[in-house]
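Peer 1: Given these sequences and hints, build the entire structure.
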Amino acid sequence: MITQQIFNGLALGMGYALIAVGYSLIFGILRLVNFSHGSVYAFGAQMAMIFIGLRFGIIPGLIASMLLTGVLGVTIDKLALEPLRKKKSIPIASLITTIGISNIVTNLLIVFFGSEKRAFPALFDFGTLQFGSIVISATQIGMCAVSLVLMLVLVGIVFYTKIGLAMRAAQQNPVAANLMGINVNFVVSFTFFLSGISAAIAGSLVGSYYQIVYPNMGFMAGLKAFAAAVLGGIGSLPGAIIGGLIVGVSESMAATVLGSTYRDSMAFIILLIVLIVRPNGLFGKKGITKV
Amino acid sequence: MKKGVVRYSLAMMILAGTLAGCSQGNGQGTGDMQNTSGTQGGTSAQSGEGTIKIAVAAPMTGDNSEYGIGFSNAAKLMADQWNAQGGVLGKQIKIVPYDDKNTSEEATTIAQKIVSDGDISGVIGHFSSGVCMTAAPIYEENKIIEISPSASHPDYSKIGSYIYRNNTIISKEGAAALDIAVNDLGKHNIGIISIMTDWGTNTSGIIKDQIAALNDPNVKVVAHEEVMEGSDDYTPAITKLNQAGADVVICAGMYNLVAPVAKQYKNINPDIAIVGFSNAYSQQLIQLGGEAVEGVCFPVVFFSESDNPDVKEYVDTFTQTYGSAPSALTSQAYDSVGVLLTALKEAGTTDSEAVSEKLNTISYEGVTGNIKFDEQGDVDKQFNKVTIEDGKFVKMN
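Chains as they are written, first to last, in this note's numbering: chain A, 1 to 291; chain B, 1001 to 1397.
Source of the hints: derived by calculation from the structure; they are not laboratory data. Possibly wrong hints are sitting among the right ones.
Output of the computed footprint for chain B on chain A, the stretches with three or more beta carbons under 8 angstroms from beta carbons of chain B [stated by the list, open to error]:
#1 106-116
#2 164-177
#3 215-222
#4 249-257
#5 261-267
C-beta atoms are modelled at their ideal positions from N, C-alpha and C, and glycine is treated no differently.
Peer 2: Here you go:
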């Protein structure tokens, strides 16, 4: 039973990893924890459900929802965060704004779509594999594969393309980047667009795994993914995946050993321990502030 | 100077918003300076001399909003039908919705609002047992009649003589569910999965007591897992139940528990039998559960596919007006309004004592069966046993 629980935990953890990647992406470029990511993830899942339901086909539906969620990310940046950057406000103002945006997006979803849970089609309906007493479903394998591919694509973009270079430059010193001819606002919007796309992918995969979407699905999952991102080292993309897996497995173990009522607290206990013992997480780098 | 103006006007807006929230707006809490006549067309501040007002207090927003909106829709349907025939006591009936967000704090505020309004003839609400039991003492003290379509905790109606419920007490429903599991499905190793709420904990306790009372050495509870309401992933609890050897699982939760549990359980054990309670009986269960909920059984008092012509007509009208079939709890709200209006008519007055007297003796034929309140304020209903076959609810044979 323990091995089955570990596998359950790994599958759960992959879901958190997908969301944590979005946190790490924004933090890595903007040094901002984007608490609205959970609600954008819920938005992405809802949109995917609607577009697939319109029967355009699964792939076009997913692409449409990814683009739309990317646009939502850019809108959040343009409407709420760019004015704060222009005024050179203190960083915590942006953080609080993202918390507010999270509430707004979730409640708009509830207003327009109702708070009920809705069925999401299974995207990887290929059955299950049996290894001895362990059952692995095709969806779990699919989630694993897609997360790895997504992480590789994002790492590729950030470290091996011109726009990625611009993103890293804007993170190190926005003024100097501007002087070098980089349009920092465009780069930031592009980062939010990427994060929105990754949120939509995460939403579609997790939605298809549990086959349920509802507007509030981003709340708990977003917070736990934040804990996972911090554990892995916020800002580090591979760290987000590892952090997600560890949080998922610990949650599954906590549910087995202590009972299902303790599972939610596990992610936050991990967050507290990480912040006390090793605030940079497993793969995070110590930030050096140059004077 | 400019900064001062901005700060001053911001402060004034916040003050205005707070004051508007305190005034007698409708339950949506829109916080507008004018008394907005909320989305469902019920204003509570002004009462025309010619209207009878019935409040519906239930969660209109948040995770359980579908139930509150369902109650409100059912109430309006009943009110419209009566209004078309002249209303009651010569006056038109107005349904006033209040949003209690399914929390005790909000429910207390709403109860205070309702009793201080002075013009409300009765309250249909609230939704969950814990919330109902917080608000009921306020209604009882102020002699406002409360009929809950969904409270199932045994202690609810004991709170007073103005407190009624049009829902089965969980002990009777538990016995019916157990009957399905043991006698109709023939299973003995019973696993229980319940949500961590007043209702869930109470229900699972009652089931366990009833199993012990059966005094049958073959029938036993092999595992009991408590889960948080609203999580989507029940695999750890399910793995534990499966390991313990359960061949039937009694789900003490609403459809948002039964559907995922059915899916996730059938992934590891396709032969598991699942028994639920009447609050899982809704079209959403089939939509959410798909193939996995085939064969799930529950005891219900309201069966939308019933052959009874009154029930058929009600289901058709409801579906036409609101676009979806009514669920068991919605229909109990519908009947609650009906019985209240009938009692008002027979008492000839809106005076709560007289109406309450009538409620104690009245016998009302509703879509959820015959309603006759006993001394506690509870009703006794017959259960239909229902299961899901080919994506539809059918009677078990």
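Peer 1: Hint by hint, note whether the structure agrees.
Peer 2: Quick rundown of the hints versus the structure:
no., hint, verdict
1, 106-116, "holds (count 4)"
2, 164-177, "violated (count 0)"
3, 215-222, "holds (count 3)"
4, 249-257, "holds (count 3)"
5, 261-267, "holds (count 3)"
Checked against the numbered hints above, the structure violates only hint 2.
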